[in-house]
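Engineer: So the chains spell out like this:
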Amino acid sequence: MSQVNRLRQGGRIDRARTLSFTFNGKRYQGHAGDTLASALLANGVDLVNRSFKYSRPRGIVAAGAEEPNALVQLGSTEAAQVPNVRATQQALFEGLTAQSTNGWPNVQRDVMSLVGKLGGRFMPPGFYYKTFMAPASMWMTYEKYIRKGAGLGRSPMENDPDSYDHLNQHCDLLVVGAGPTGLAAALTAARAGARVILCDEQEEMGGSLLDSRELLDDRPAAQWAEQVISELAENDNVTLLPRTTANGYHDHHFVTLHERRTEHLGETAPTIDGVRPTRSRMHRVRAGQVLLATGAHERPLVYGNNDVPGNLVAGAVSTYIRRYGVVPGNKLVLSVSNDHAYRAALDWDEAGREVVAIVDARRNPDGELVEQARARGIRIIEGAAVLEAKGDKRVSGARVATIDAAAFKVTGQAELLECDTIASSGGYSPVIHLASHTGARPTWDDEILGFVPSLVKGVHAAGSARGVHDLAGGLADGAAKASEALAALGKSASAIEPPRADAIREGQACALYQVPHEKPTLRAPKQFVDMQNDVTAAAIELATREGFESIEHVKRYTAMGFGTDQGKLGNINGMAIAARCLGKSIPEVGTTVFRPNYTPVTFGAIVGRHCRELFDPERYTALHQWHVENGAEFEDVGQWKRPWYFPKTVNGKQESMDEAVARESLAVRTGVGILDASTLGKIDIQGPDAREFLGRVYTNKWAKLAPGRVRYGLMCKDDGMLMDDGTTSCLGENHFLMTTTTGGAAGVMEWLELWHQTEWPELQVTFTSVTDHWATMTVTGPDARKLLSEITDIDLDREQFKFMDWRNGKVADVPARVFRISFTGELAYEINVQANYAMHVWKTLFEHGKKYDLTPYGTETMHVLRAEKGLIIAGQDTDGSVTPEDLGMFWAIGYDKPFSWIGKRALTRPDTARKDRKQFVGLKPVDPKVVLEEGAHIVVDKDQPIPMDMLGHVTSSYYSPNLESGFALAVIKGGRDRMGETLYVPMPDGQAHEVEVVSPVFIDPKGERQHV
Amino acid sequence: MSDITYGKVATFNTHPDASIPMESPLSVAFNTGSVPAATSGSRVLFKEQAFLGHLILRGGAIVLDEAVRKVLGISLPGQPLGLALDASGERSVQWLSPDEWLVIVPGGEEFELEQRLRDALGDAHYAIVDVSGGQTLVSLEGEKARELLMKSTNYDVHPSRFPVGKAVSVVFGKSSLILRRPSEERYELVLRRSFADYLYRWILDAGAEYAIGVEQ
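Chains as they are written, first to last, in the numbering used here: chain R, 1 to 1012; chain D, 1013 to 1228.
Honestly, the hints are just simulated from the structure, not real lab data. One should not assume that every hint holds.
Take a look, some chain D residues computed to stay more than 12 Å from chain R by CB distance [unchecked claim]: (1) P1033; (2) P1037; (3) V1047; (4) D1077; (5) V1083; (6) D1111; (7) P1118; (8) A1132; (9) Q1147; (10) E1153; (11) H1170; (12) E1227.
Stretch-level coverage of chain D by chain R, calculated; a stretch enters the list once three of its residues show a Cβ under 8 Å from a Cβ in chain R [what the hints assert, rightly or not]: (13) 1021–1032; (14) 1084–1090; (15) 1099–1106; (16) 1181–1194; (17) 1212–1223.
All values reported here derive from a predicted model rather than from experimental measurement. We put the beta carbon where it would ideally sit given N, CA and C, even for glycine.
Build the full structure now, drawing on both the sequences and the hints.
Structural biologist: Structural data, given as structure tokens:
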């Protein structure tokens, strides 16, 4: 099909470059510079979609972000699918492939439209809620089909071939919108030396100047725009962002801009200079001040069948003619409430097509544009409006009559005007979305018949965005507001001298939103308010009758302004209709809240580079590469990658985790094993009051710990509940090294600083994290001493270097601190060396360890071994509700310490002294093959009907190769008095495991092995 | 003797007498990850300065300033976020918090420096902690280095806000690091050992479009 609606000349398209594209399976041609919408209109494609709820045929209505109908699905391949793209915002590129978002089996012949036609009258607001209410459990099922029928585009089912990123930006002034106002503002700020970001959502900067009829300094307005943009581009302090939508205004002038970097070039990012750029980019802007030059959206009038293809807003007609050289029809009826919209008729007339009539709701309009239209002999019908469009898939006529807008009545006989296009204008609504994101409620301005933004500190609106709609006014306002904004930052900027614009005298507009019809609203042909969500004037009237009086309730009941639309075209009309029905004024009814994002943002841009291997930091120890090379399976512990177990290949078969853990556990109990314990948190504590401080944050006593000795400590929150545990070594009289759990390291560090800085600043003590500085290798097992003695100069004699001592010396020639502490219950040495030397020491240990069959083990074996000894893991066996007493650790509580340590007072509360608190015990399954499930509940009577009385739960459970049995740790009400009792652990499948309550220490209760 | 007790605090020389192979926090990345070579088209250059001496100084500025000047020849940065270097540029002192400074010196100097500072500081309350094994210094240069930083941190790195002589702890990707501006043409990053691999991958990814090159 040829471009039947393309003018021979004019517009900002490049006629020398023809581009082919496919829409709903049909090939068309357009030109470089087209949007998909302008190219479709050029080709005479009327029908672009089916409506969301009623499946009515829909065409292109607008030319920008406010387009409600022309939502398309882009992509020629599965991976390239992008849903809900506005055809009006999508630049045309060679090979573009698009489909209507709605419509099944296709947009021309739609099955759902039958439902819409038959059910139309029976689908009032709340239809789905009302109809599919019962049974409630079925709603999920209903919803699946309702959504499929409605259709909202679809996500790709394959991985996105493109990448996306973020860029953090800072500026003195962020200017949103590069129309006349925004350009004047940016120029003012840039010339004053400010850091400026200017963003604009369109393919080309210039806004209304690109299709303006007016001259600036006696030249076409677009030329002035080009000149300003090139000046700004040369300024190092100015960042120009075309194709960039300011989508969200967050707190403290943090604004997210979404830049489409390659979407005008192809459906996936092309390779440019050997690099595939990110497809889109989120600019995270922290602005000193923000100037909103977002312009206005023209309001269509609300009349019968105003959604039939061929109904457009007036300004869009001008845009298509003047910017794209496309006339979207042959015979125009223009229905207006103001002068400004007359441009559409003048442009149409100049394009050589017929203007059937201008229908003006005012009597005796007399502005300059009106005079121009009269001078051309265009018929003007005064005091009238289009009541109703005729036609099905394209407008075929307009029923026009005189009306009394104030009385909401048709006063004259309707006349049928034959036409194929109806353009309407009910006035101009400032685009206040971003200002609304700040939470500021807009205020109604009777003068401009629109809401103007309320502004929080640091936000400025200028030009059309605050109702200054004339060109000269907008230019001056942009410059002045930029100057004010910079003054607020203490910078002086004199407003630029704006170019000279002809003042066009415009008559006063009248207030017209919904056009009256001969029939009452509920019986009149559908008058659409929000076309994207299929909300009609009747729906709003019905909602108010059903008692929804708050505009917020009306919105939710009818879905007006929902979703991607965010009320761009319809909200003000909807409020006006609600006001009429409720007998209130528009300001009394108020407006709903616009929310981010202004237009849809692809998930990729939100995620940026935070995906795949960069999704979350992976922390490695100094020995990580050895673990990888030796086949470790890894466990995530916080952000750390810790070896979980080291499966061996036995007879050509890799061990399972159970097999590896059994082997590793036995090796530690019978020979020697080694663990990379570098992830434990380590805090260097220095100062004359270090010892006193430890006494206050730990529950136990530190006064007498001598240099060279180590002690285990418990740390409680102020509620008396265990928070973290670990050993702390006395390095010198005023010097300690604290260890924390791997996951608790950062939290403990903050905890110490918090108490020092806020409660006890008088204590002379400092804390420094040395977690990453030291690598820690735990050599443990009966052969540990023999192995270590081969490569150290430290005297390992059991009398010289006792359990809970630490010593300095060399290990594998590297200076080391060796701590004789044990988390396995076996003889153990924790070797600490500066991390850069760790690999050498580790490898040397293995060289010498061969004859002892030195076995690397991971966190799983560590868990089994410590559990066999009844040693807790804070965060696994405790959950923030467990006190040291609950754990039976009375030996680690210094109630008689002179200073009241953190948690002490809480431990004297009656609740923490209750006899039936959950206490820490061991569980032995009667069937040794049973390994209980962690988290499983424990009951007395396995036959008690549900809900059963639950005594407690399993906190840790493993199979022990040393015990040749499953075993578990648990917390049980009054557990210490239940030793020897038989209890049950019921499972979801109905069986109940029989268990015996035992001491949590399963191996070596006297601790002889770790003291050898 | 690797361990000397200064009054009531234990110090510790982490370095062996023998020649022992060392592995920097970026060893795994260099050994197993991608290491794009620098070319004439590289608009960002990445270079690690491994195995330097890193000390954390804690204490009041008044207490520390004189000793640092005497021992190191550098005045403590007077302003928050300050970075001061000696004439050679090899030694630096950086403000970290109101009572916390980071001193970076050529590798192996740190233990002697700590002893001399302790001698100079006497009985005052202060702390010196060797963290040399826990972090590493990286430099970024090139015309797109600043843009790479903009992708990575929300801190304002425009020259007007981040001039030479400034150093700041920043969020970087989803981790954090210390960002320093020792000279016009160079940024320095202090990476924590355990996050070094993630940060390296992040930087390479962000630098791909600038043909980032790694100099070893």
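Engineer: Look at each hint and say if it fits the structure.
Structural biologist: Going through the hints against the structure:
For D:P1033, the shortest C-beta to C-beta distance to chain R comes to about 5 Å, within the 12 Å cut-off, and the non-interface label is violated. The beta carbon of D:P1037 is not kept farther than 12 Å from every beta carbon of chain R, the shortest such distance being approximately 8 Å. For D:V1047, the non-interface assignment is confirmed: its Cβ lies about 15 Å from the closest Cβ of chain R, beyond the 12 Å cut-off. Every beta carbon of chain R lies more than 12 Å from that of D:D1077, the smallest distance being close to 17 Å; the non-interface claim holds.
Taking the minimum C-beta to C-beta distance to chain R, about 18 Å, the non-interface status of D:V1083 holds against the 12 Å cut. Not every Cβ of chain R is farther than 12 Å from the Cβ of D:D1111; the closest lies at roughly 8 Å, contradicting the non-interface assignment. With a least CB separation of 15 Å from chain R, D:P1118 remains clear of the 12 Å interface cut-off, as annotated. No Cβ of chain R approaches the Cβ of D:A1132 within 12 Å, the least distance being about 17 Å, so the stated non-interface status holds.
Consistency note on D:Q1147: stated as away from chain R, yet its beta-carbon is not over 12 Å from all of that chain's, at 7 Å minimum. The beta carbon of D:E1153 is kept farther than 12 Å from every beta carbon of chain R, the shortest such distance being approximately 20 Å. Some Cβ of chain R comes within 12 Å of the Cβ of D:H1170; the nearest lies about 6 Å off, and the non-interface call is violated. The beta carbon of D:E1227 is kept farther than 12 Å from every beta carbon of chain R, the shortest such distance being approximately 20 Å.
Judged by the Cβ-Cβ criterion of 8 Å, the segment 1021–1032 of chain D is covered by chain R as claimed, because 10 of its residues qualify and three suffice. For the segment 1084–1090 of chain D, the assignment as covered by chain R is violated, since 0 residues bring a beta-carbon within under 8 Å of that chain's beta-carbons and 3 are needed. Taking a C-beta to C-beta cut-off of 8 Å, the segment 1099–1106 of chain D contributes 0 residues in contact with chain R, too few for the three needed, and the coverage statement is violated. Residues of the segment 1181–1194 of chain D lying with their CB closer than 8 Å to a CB of chain R number 3, which satisfies the three-residue condition for coverage.
Chain R is given as covering the segment 1212–1223 of chain D, and this holds because 7 residues of the stretch bring a CB closer than 8 Å to a CB of that chain, at least three being needed.
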